[in-house]
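*Asks:* Here is how the chains run, residue by residue.
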Amino acid sequence: MEQVVQQIIGGLATGAIYACIALSIVMIYQAIDHLNFAQGEMAMFSTYIAWQLMQWGMPYWGAFFITIAISFVLGYVIERAVFKPVHNAPVLSHIVIFIALFAIINSMAGFIWEFTIKPFPTPFGTKSVLGEGLLSAHGAGMIAVTGIMLGFLYLFFRYTRVGLAMRAASANPDSARLVGIRVGFMNALGWGMAAAIGAVAGIMIAPVVFLEPNMMVTILLYGFAGAVVGGLTSPGGAVFGGFAVGVIENLASFVPHFGAEMKLSIALALIILVLTLKPNGLFGRKIVNRV
Amino acid sequence: MKTTSPITTIIAAIGATVITLAQNWKVAGFIFILIIGAIFPLWASGVFTFQISQLLIYAIAIAGLNLLTGFNGQFSLGHSAFYAIGAYVSAVMMTQWDIPFYLTIPIAAAVCFVFGFLFGLPALRLEGIYLALATFALAIATPQILKFKPVEHLTGGVQGLALFHLKPEAPFGLPFDQDQWTFYVTFAVTILMFFIAFSLVNSRSGRAMKAIRDNQIAAKVTGIDLSLFKTLTFGVSALFTGVAGALSAMLIAFVAPDSFQITLAVAIFVGMVVGGVGWIPGAFLGGLFILFVPNIAEHIAFGLAAFFDLIRKVIPFFPSIGEQSAKGLTGTVYGVFLILLIYIMPSGLAGLLRLAVQRLARARG
Chain U
900 MEQVVQQIIG GLATGAIYAC IALSIVMIYQ AIDHLNFAQG EMAMFSTYIA
950 WQLMQWGMPY WGAFFITIAI SFVLGYVIER AVFKPVHNAP VLSHIVIFIA
1000 LFAIINSMAG FIWEFTIKPF PTPFGTKSVL GEGLLSAHGA GMIAVTGIML
1050 GFLYLFFRYT RVGLAMRAAS ANPDSARLVG IRVGFMNALG WGMAAAIGAV
1100 AGIMIAPVVF LEPNMMVTIL LYGFAGAVVG GLTSPGGAVF GGFAVGVIEN
1150 LASFVPHFGA EMKLSIALAL IILVLTLKPN GLFGRKIVNR V
Chain F
32 MKTTSPITTI IAAIGATVIT LAQNWKVAGF IFILIIGAIF PLWASGVFTF
82 QISQLLIYAI AIAGLNLLTG FNGQFSLGHS AFYAIGAYVS AVMMTQWDIP
132 FYLTIPIAAA VCFVFGFLFG LPALRLEGIY LALATFALAI ATPQILKFKP
182 VEHLTGGVQG LALFHLKPEA PFGLPFDQDQ WTFYVTFAVT ILMFFIAFSL
232 VNSRSGRAMK AIRDNQIAAK VTGIDLSLFK TLTFGVSALF TGVAGALSAM
282 LIAFVAPDSF QITLAVAIFV GMVVGGVGWI PGAFLGGLFI LFVPNIAEHI
332 AFGLAAFFDL IRKVIPFFPS IGEQSAKGLT GTVYGVFLIL LIYIMPSGLA
382 GLLRLAVQRL ARARG
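Chains as they are written, first to last, in the numbering used here: chain U, 900 to 1190; chain F, 32 to 396.
One chain only, chain U, in its complex shape (with noise of 0.2 Å):
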C-alpha cells in the first residue's frame, strides 16, 4: 500500500511536467485549432534561451520572465511569418508545416548550442519536502507554478475582453470577424501566448530531464496524452489529465511481467481507450456541426 502511495505521490510530480506542456498544447488548440506538433520544440529553444541568459549573468528570475516575452515574440512572429501565406492551405498541408518546424526549431538548437546535455538550475531547490525522496521541492514548485499558470488563464480567457475575442475568433472566425474581432491577429496573439507557456512549461522541465534538443520529444508526447485524455476545449481538464498521464504511468509498473518495459505502451493504449469511450475527452465540450 505504501509503495502504491508512493508511485502515486512520484506520479505526480512527473505529472506536473505533463500537465505543463498539456496546458501549452490546450492554449494554442484555442487560439488556433490545431494541434501544435512542434510546441514542445518551441518550449525547448526558449528554455535554451533562458539557459544563454544565465550564462550572461543574469539572476534566475530575470531570464525567467525575459525569456517568457522573448517567447511570446517570436511564437507571434512564427504565426505571421509561417503561418498566414498558408491560411487557405488544407489542414493536411498545416501539419506538414508543423514538422517542418519541428525540424528546424530542433537542428537550429543543436546548431546553435551543441547537442551536449547541459545541466539546467532550479530555484526551489532539491531537498525533499514530503517523505524520503518522494515529492521533490522542485516538483513542488512545478505544482504550484502549474497551479498558478491555470488559474491565471482562467481568469483571461473568462473575464477579459481579449480573452473571450480570442474563443471567439477559434471557435467561429466567420462570425467572430462579423461583429468586429481581428482574427488573424487574436491567432498570432494565441501562438504568442502558447509559446510563453511552453517557455514556462520547458523552464521548469529543464532541471529534471537536462537541457539538449530531444528533451521535449516523449514529453510532448505525453502532453498530447494528457490534453486528449481531459478534453482538448478545457484548460483544467488538460491539467488534470497531465496529471492523470503521470499517475497511471507510474502504477503501470506494477503489472506483473512487463510494466516496467511497457510503461509508454500501456500509457498509450489508455488513450486510445479513453478517446474510444469519449471521444472529446474527459471534460471536453461536444462540438456539434450543423449540417
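No lab work stands behind these hints, which were simulated from the structure alone. Since the model is a prediction, treat every value here as computed from it, not as a measurement. Each hint should be verified, as a subset may be incorrect.
As the list claims (entries may be wrong) - Not the full set, but computed from the structure, chain U residues with beta-carbon under 10 Å of chain F:
no.	residue
1	Val990
2	Ser992
3	Ala1124
Stated by the list, open to error - A few chain U positions that, by computed beta-carbon distances, are all more than 10 Å from chain F:
no.	residue
4	Met957
5	Ala1043
6	Tyr1058
7	Arg1060
8	Val1107
Claimed, not checked - Derived CB-CB ranges, DEER-like:
no.	chain 1	residue 1	chain 2	residue 2	range
9	U	Arg1076	F	Gly188	53 to 61 Å
10	U	Val972	F	Leu65	53 to 61 Å
11	U	Ile1047	F	Ile375	40 to 48 Å
12	F	Arg235	U	Val990	22 to 30 Å
13	F	Ala249	U	Ala1043	48 to 56 Å
14	U	Ala1043	F	Pro181	39 to 47 Å
15	F	Arg235	U	His986	34 to 42 Å
16	U	Leu1054	F	Phe285	51 to 59 Å
17	U	Val904	F	Pro181	26 to 34 Å
18	F	Phe339	U	Asn1071	44 to 52 Å
19	F	Ile375	U	Pro1072	24 to 32 Å
Heads up, the beta-carbon is just placed ideally off N, CA and C, and yes, glycines get one too.
Following the hints, complete the assembly by docking chain F onto the known chain U.
*Replies:* Quick look at chain F alone, frame taken from chain U:
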C-alpha cells in the same frame, strides 16, 4: 492483284499498334513503364537499383495511406506500425519457420489487413485531430512493442533479425544478381498493388469511400454502411503498407525495432502530402521526395558549413562551425524545403499539375 510481302505485313501491324497506342495513351504509358522497368536494372548500378526499389516500396506505403486519407478522409500518423508488422511477419516467417519469401507477402498482407481493420474500430469514433493523435500514439508505441521480452525468441528483441542469407535468388538460373532480382520482384508487386489501388478507387466501393470523405451524413443517407466502409478502408490501407513493409524486409535484409520509429510514419505522411492527397500516382513523387530530399538537405548543410568556414578565413571573429553542427543544419534545410514546397503548392504536386493543366487548357482557348 497485289501480293503482300511479310515485311509489309509486319510494318502494317506495327503501324496499327502504334496508332492504337497513341489513341489509348494510358495503355501506352503502361507499356512504356513496363519496358523501362524491365531494362533499367540491366544498365543501372547496384546502388541505384536498390534506391529505386526503395522508392517503389515507399510509393506502395504512401498509396496505402492515400487510400485512407485522400479517398476516405481518415488521418493516420501511425502507418509505420503497419509497415513494421508487414516487415516483421515476413522476417519472422522466413527466419523461424523457413517459409519462402514469396509466400510471406500475401500472409503479411492478410495479417496487416486484420490489424488495420481492428484498429479501424476505435478509429470510427475519432475524428480529425483525435484520430491523428491515436495513430501517432500507435507509431510511438511500435518500437517498444517490438522489443517486448516475451516474444523476443521470435522477433530477436533489440537486435532484430538478419535475413542476408535468405534473400531470394533469381530462379531458373536467370542471369540476374540479387539487387536486380529484388528490383524485379518489387516492380512486379508495385504494378499489382497500383492496379488494385486504381481499380478500387474507380469501383463502386471506391465511390462509397469518396462519398464518406466528402460528406458522411449524405453518404449515410444514400445507404452506405459507414462503419463497414471506414474499417474496411483502414484494413486495405494497412494491407498496402504491410506489403511495402514485407518488401522492405527483403530489400534491406534486416529488421530491427529502431527502423520503425515515428520518423518513418512522418516520412510516409509527408510523402503523401507532397505527392498530392487523393491522387494515386502522386505516391511515386512522394516516394522520390522522402528518398532523396533528406540526402540533398545534408549535402546543402555541409556546403553551408564549408561556406561559413570560408567566411571565417576572411573574418576571423566569425563563429566556427564544426562537423557536428553542420549535421545540425540538415534538419533546418529539410524543414525550409518542406515549408517552401507547401508555399509553392499548397495541395502538393497533384495540385500544381492540375493548375498547370487548367492554365494550358485556358491558353489553348
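*Asks:* Taking the numbered hints from earlier one at a time, note which ones the structure violates and give those numbers from smallest to largest.
*Replies:* none
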